[in-house]
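Peer 1: Residue numbers (the numbering used here), protein chains in the order written: chain E, 8 to 228; chain D, 8 to 160.
I should point out that these hints are in silico values taken from the structure, not numbers from a laboratory. Glycine is no exception: its CB is placed at the ideal position from the N, C-alpha and C atoms. Any given hint could be a false lead.
So these bits of chain E aren't anywhere near chain D, every CB distance computed over 10 Å [to be verified]:
(1) Gly133
(2) Val136
(3) Met188
A few chain D residues that face chain E, going by a derived Cβ cut-off under 10 Å, partial list only [said to hold, decoys possible]:
(4) Ala59
(5) Gln61
(6) Pro91
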Amino acid sequence: MNDPATVPGRRIRVWDLPTRLFHWTLVAAVAAMWWSAENHEMDLHLRLGTFVVGLLAFRLAWGVLGGSTARFASFVRGPRAAIDYLRGRSGPAIGHNPLGGWSVIAMIALLCAQVGLGLFASDEDGFAVGPLSNHVSYETARDLAELHEILFNVLFALIALHVAAILFYALVRKDNLAGPMIHGRREAPEGAEELNPAGPVRFLLALAFAVLATLLLTRWL
Amino acid sequence: MRRTLLLIFALTGIVTVAQAQSGGAAGVIRERQANYKQIAGAVRTIGQQLRADQSAIGQIRRSAALIAERASQVHRWFPRGSGPEAGVPTRALPAIWANPRDFAAKANSFTSAARALDAAARRGDLPSVRAAMQTLGRTCGACHDSYRAPEDR
Chain E
8 MNDPATVPGR
18 RIRVWDLPTR
28 LFHWTLVAAV
38 AAMWWSAENH
48 EMDLHLRLGT
58 FVVGLLAFRL
68 AWGVLGGSTA
78 RFASFVRGPR
88 AAIDYLRGRS
98 GPAIGHNPLG
108 GWSVIAMIAL
118 LCAQVGLGLF
128 ASDEDGFAVG
138 PLSNHVSYET
148 ARDLAELHEI
158 LFNVLFALIA
168 LHVAAILFYA
178 LVRKDNLAGP
188 MIHGRREAPE
198 GAEELNPAGP
208 VRFLLALAFA
218 VLATLLLTRW
228 L
Chain D
8 MRRTLLLIFA
18 LTGIVTVAQA
28 QSGGAAGVIR
38 ERQANYKQIA
48 GAVRTIGQQL
58 RADQSAIGQI
68 RRSAALIAER
78 ASQVHRWFPR
88 GSGPEAGVPT
98 RALPAIWANP
108 RDFAAKANSF
118 TSAARALDAA
128 ARRGDLPSVR
138 AAMQTLGRTC
148 GACHDSYRAP
158 EDR
C-alpha cells in the first residue's frame with residue numbers, strides 16, 4: 008500500500024474474488040507440492056503440478072482480463088516508480104505498490120520456471136515422469152530434475168521474503184496486508200481509487216484459457 | 008549366432024567376476040550403475056507410451072525385453088567388495104551384504120515382475136502391461152527403500 012495514513016472508516020474493495028482465491032489456492036498447492044516431493048508421493052506431486060499449471064495460466068490471463076488491481080498494466084512499473092515509492096514520494100493508491108509489483112512478477116516467473124522444469128523432469132527410477140519429458144532424453148530429464156530441486160530453494164527464499172515483507176508492514180508500518188487478501192477490503196488512503204472489478208464473462212474467458220493451456224501442456228503436446 | 012551370443016555372455020560374466028575378484032570394484036559399480044540407468048530409461052519409455060493416446064507397442068516391447076534381460080542379471084551385480092568400501096561413489100548400502108537372503112529374495116521378485124512385464128508386452132496386452140508396471144515399481148521400491156542410500160544433492 009502506498010500510504011499507511013488512511014481515512015478511518017472509508018473501506019473500499021481492493022482485491023477481486025478470483026485474485027484472492029488464486030492466491031490462497033496457490034499457497035495450499037505449493038505447500039502440498041513441497042510435502043509430496045519430500046515424501047516421495049510422486050503421483051500426487053504430478054497431479055498437483057498439473058493443477059498449478061492451470062492456476063498459473065489463469066493468473067496470467069487474469070493479469071490481462073481481471074479487475075484493475077490484478078492487471079499487470081496497473082502494477083508493473085519502472086525502476087523510477089519503485090525508487091520514488093521507497094523514498095515515500097508516491098501518490099495514494101491501492102493494490103500492489105511499485106516494489107511489491109516486482110515481487111509479484113518475480114514470484115509468478117519463478118513458479119512458471121519451476122513448473123516448466125517439472126513438466127520435463129524425470130525421477131531417478133523412471134516412474135515419476137513429467138508430461139513433456141518424452142521430448143528430452145533420460146539424462147536431460149535428470150539434469151532438469153536437479154535444476155527443479157535447486158530452483159525450489161530460490162522459490163523458498165522468495166516466499167520467505169514475501170512473508171517477511173508482510174510482517175514488516177504489519178508490525179512496523181501497522182498496515183495489515185493479509186486481511187485484505189482474505190476479505191478483499193481495506194481502509195483506503197485519501198484520494199485512492201477503488202477496485203474496478205471484471206465481469207463474469209472475463210472470468211470465464213480466463214478460466215477457459217487456463218483449462219486449454221493446461222490440456223495443451225499436460226495432454227496434447 | 009546363438010553360440011556367439013552365449014560366448015559373449017559367458018565372457019562378460021567371467022570378466023565381471025574376474026574384475027570383482029581382482030579388485031575391479033570400481034568397474035563393477037560403474038557397470039551396475041549404467042545398467043540401472045538403462046532400466047530406468049526403459050521404465051520411463053514404457054510409462055510414457057502407456058500415457059500416450061496411441062501407445063507404440065514396439066517401443067514398449069523393446070523396453071520390457073531390456074528390463075527383463077537386465078533384471079535376470081541383478082544377482083550378479085553385487086559381488087562382495089562392491090559396496091561403499093570400494094572407495095568409489097555408490098549408494099549401495101552395506102545392508103545388502105549383511106542380509107544376503109533378503110536381498111536375494113527381493114532381487115528375485117524384481118526378476119519375476121520384469122518377466123511378467125515382458126510377457127504382457129509380448130502379448131501386446133496393454134492393461135496387463137500397466138498392471139505389471141505397478142508391480143515392477145513396487146519391487147524396485149522394496150529394494151531401494153532398504154538397500155539404496157537416498158540421493159544427496
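Peer 1: Report the numbers of all earlier hints that the structure fails to satisfy, in ascending order.
Peer 2: Hint check: 1, 2, 5, 6 fail, others pass.
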